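Turn these sequences into a full structure, and let the hints guide you.
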Amino acid sequence: MTKWRKLAVFILLALISACHRAEEVPPNTFVIGVETGPAMLDPRLATDAASSKAFDLLFNGLVKRKEDFSILPDLAESWEIKDKLKYVFHLRKNVKFHDGSSFTSADVKAVYDFVLNPANKSPHRGTFKVIESIETPDDHTVIFNLKEKNAPFLGSLTFAIVKKGTETATEHPIGTGPFKLVKYKRDEQLVFVKHKDYFEGVPNLDGVIFKIVPDETVRTLELERGAVHTIMNPITPDLLPRFRKNENLKVVTQLGTNYSYLGFNMEDALTGDKNVREAIALAIDRKSIIEHILKGLAQPATGPISPASRFYEGDVKTYKRNLEKAKKILDEAGYKDPDGDGPQKRFTLRYSTSQNELRKRIAEVFQWQLSEAGIGIDIRSYEWGTFYADIKKGNFQMYSLTWVGIADPDIFKYIFHSSSMPPGGANRGRYRNLEIDKLTEMGAVTFGGERRDVYSKAQKILANDLPYVSLWYSVNVAVMNKRITGFTLAPDENLKSLKNVTIK
Amino acid sequence: MKAFILNRLLSVIPVALGVVTLVFLIIHLTPGDPVEIMLGETAQAADKEELRRELGLDRPILEQYFSFLGKLAHGDLGNSLYTKRSVTESIKERYSATAQLALSSMFLAIIIAVPLGVIAAARKDTAIDNGAMAVSLIGVSIPSFCIGPLLILVFGIELQWFPVSGRGGLDSLVLPSVTLGTAMAAILSRLARSSVIEALNEDFITTARAKGVKERVILFRHALSNALIPVVTVAGLQLGALLAGAIITETIFAWPGIGRLTIQAINARDYPLTQGCVLTIALSYVLVNLVVDVLYTVIDPRVRQK
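In order, the protein sequence lines correspond to chains A and B.
Per my numbering, the very first residue in the first sequence carries number 664; after that it's consecutive.
Per my numbering, the very first residue in the second sequence carries number 275; after that it's consecutive.
There could be a bad hint or two in this list.
With a Cα cut of at most 25 Å, we get these calculated BS3-like pairs of lysine-lysine [said to hold, decoys possible]:
(1) Lys1023/A with Lys1008/A
(2) Lys716/A with Lys1145/A
(3) Lys772/A with Lys759/A
(4) Lys398/B with Lys322/B
(5) Lys827/A with Lys358/B
(6) Lys322/B with Lys810/A
(7) Lys358/B with Lys784/A
(8) Lys859/A with Lys1055/A
(9) Lys358/B with Lys848/A
(10) Lys366/B with Lys848/A
(11) Lys784/A with Lys345/B
(12) Lys398/B with Lys784/A
(13) Lys745/A with Lys913/A
(14) Lys716/A with Lys358/B
(15) Lys826/A with Lys345/B
(16) Lys759/A with Lys826/A
(17) Lys322/B with Lys1056/A
(18) Lys1023/A with Lys991/A
(19) Lys358/B with Lys846/A
(20) Lys792/A with Lys358/B
(21) Lys398/B with Lys792/A
(22) Lys991/A with Lys980/A
(23) Lys810/A with Lys991/A
(24) Lys398/B with Lys1055/A
(25) Lys745/A with Lys727/A
(26) Lys846/A with Lys366/B
In short, the hints are calculated from the structure, not lab data.
Remember, it's a predicted structure, so these values are computed and weren't measured experimentally.
Here is the structure:
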């Protein structure tokens, strides 16, 4: 038996030595429970949502957006725009990077040069292709010369500025933001500490930790136990009543910008027919889904731009549930119901969706609601990669998806212009409307109040034409410990307000 | 012995080749485009083409396959398409977490299962036997996505004895190990019981009894060592499965293991990372089986003599 005893002792010792002591949460440190960690910490290359949350803490852009998406100075103190082609930015002085070095115009130029250099294969190159050249006449002035007028350009300069000379795909990013990264253990946690020289003042918190907890139930339990101070979207709506009952927690909500819709294939004989799309818009009951499935965490939508934006146009054609009207439209268009209210359908559509549980449940409710108008729905749920590839190829009749973080109405050009069909854009339904083409082109080169008018017209046409049937805007939700103050939820879910947070 | 181990190690090569080929084919035939995922939808078609060319994704699949094999022969698994990090590094990081969890669960399972099975066999058809087997039946039947949160609720939230999730000190290892170890302990204890019962009916046990050897010695030395071969075989297979990463348990306990990494890689259509993960998993299986074969010779002198 001694042989076995030796082996057991050996295994035990090996286990102990393989372990490292649990790290306690340092005092005055805010812990956020997140589902996934950033894929990449180089803002010039990253595109995932988890990365952009970390960047909110680490970096600043030349400009930033207010809650209503209007543009405010950030690293740039002020700017002049000459002939809509030359943008002169005057940079803030005395801005320090996390390593103590001073921020200058050379850093700004380095970031945009990197993105524009094809060799670096930045996914953001397309956004900045309008830049002709960048000049830095002195340490605190940057001049962008554009190839053509471009209204969304100023807004795109929220792009994070990383220190000049940062290596490609860095794991140790150096920015100017309120917190600096001290450790990233992949799929475990990110640890940030305050940036003492932050130009807007030292944050109240000593640090922030993103604790990566992939399972939602466990995130919930960690929050209730107090090991995590807050959790944010996505939160299963069914859990909200439980949180509201807990006296240590508060639930905060804010209308968001995420826009859910039903998309249609315009080249399909059935979904290409506007009568069919209109009947679907009239036959679905958004309100009951929002109330019963989403537990109020959504608001009926009228178009891709949310009411939080100043480009929102609310005066468009809307579709409340009206089964009689839906049936009448279909009857008149020649889609007769073979057996009235009986089990046979007028026609059956393939509805593609991902394997997300909530989306599948919603699809089932749509199936039932549309069956009342005699429309059959065949739900096909696919693994995400397959689903997304199908959508882009146009291999669908109808599908449901969400646009995340729409900040500028220039997105209309990208999703509805006839030249934006995949792979060059996201006009996945192959929608063609000359007027929309003209308006979205005009919107890109129109400035000031007139720009709003252009997009207001476009929103009216789209609500009438129904390449998308609008479903709802998400309501962002955060559940947090009552000891936390100063945290505000932004419509686009950014974490910029962390610099104002205090823990009592 | 040396020749035996060398022989077995060489047999790893065809296994690895088979696995790599299968995975290569499956992942390249699955819909979904890594370039699209890397560059994002807003990228221009020309850039996508450029990147596809650079990664060699535009070449015929056979050519891609042989170039992959060529690099593999030099130990180069490439870089992750998505995070741009070296595949070898990413796997190394995760594999230690997986190995730690797998070994501790296995250790836990064996120290529970073997004594339990032996005692149940010795007290066959008594209340102790029935009780032990009923408990093990429950252990086999509860899935890990159920037992994990249950343990968290009781020991993490109510009693606050152990951390709820994450990988930290030894204490963070307890709940995930128990979650994984329970089902294995249940299977192993039933197996240990039946093999010990079988051994106890052998002639040499009767001989030992006739010679007046103590019952405890008969049970633990004579019967158990003869009953261990099937237990070690199954434990080895289970350890192999554990080293492939326990995806559900890793997700519940936020354990940064190789199972989660593999799933992430597949979802992102990260070809190099997926290949690397699957290859690692296959190699662990082969190596664990080799260890099991060597253990046979330790347990059973007859195997050694052959």
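Between Lys716/A and Lys358/B, does the CA-CA distance stay at or below 25 Å? Distance of about 20 Å is within 25 Å: holds.
Assess, step by step, whether the Cα of Lys859/A is no farther than 25 Å from the Cα of Lys1055/A, and give holds or violated. violated, 46 Å
Decide if the proposed pair is consistent with the structure: Lys716/A and Lys1145/A, CA atoms, cutoff 25 Å inclusive. holds, 22 Å
Please work out if Lys398/B and Lys1055/A have their alpha carbons no farther apart than 25 Å. violated, 64 Å
For the pair supplied as a hint, Lys784/A and Lys345/B, is the alpha-carbon distance within the 25 Å limit? holds, 23 Å
Need the status of pair Lys759/A, Lys826/A: alpha-carbon distance at most 25 Å? Since the Cα atoms of Lys759/A and Lys826/A sit roughly 10 Å apart, the hinted pair holds (cutoff 25 Å).
Checking one constraint from the list: CA of Lys322/B to CA of Lys810/A, max 25 Å. Satisfied? holds, 23 Å
For the pair supplied as a hint, Lys827/A and Lys358/B, is the alpha-carbon distance within the 25 Å limit? Status holds; Cα separation ~20 Å.
Pair hint Lys398/B and Lys792/A, alpha-carbon separation not exceeding 25 Å: Violated - the C-alpha atoms of Lys792/A and Lys398/B are around 79 Å apart, more than 25 Å.
Proposed proximity, Lys980/A with Lys991/A (alpha carbon, max 25 Å): holds, 18 Å
Given pair status - Lys991/A, Lys1023/A, alpha carbons within 25 Å: Roughly 29 Å between the alpha carbons, so the hint for Lys1023/A and Lys991/A is violated.
Given pair status - Lys727/A, Lys745/A, alpha carbons within 25 Å: Given that 25 Å is the threshold and the Cα spacing comes to 21 Å, the pair holds.
In summary, the structure is inconsistent with hints 4, 8, 12, 13, 15, 18, 21, 23, 24 from the numbered list given earlier, while agreeing with the others.
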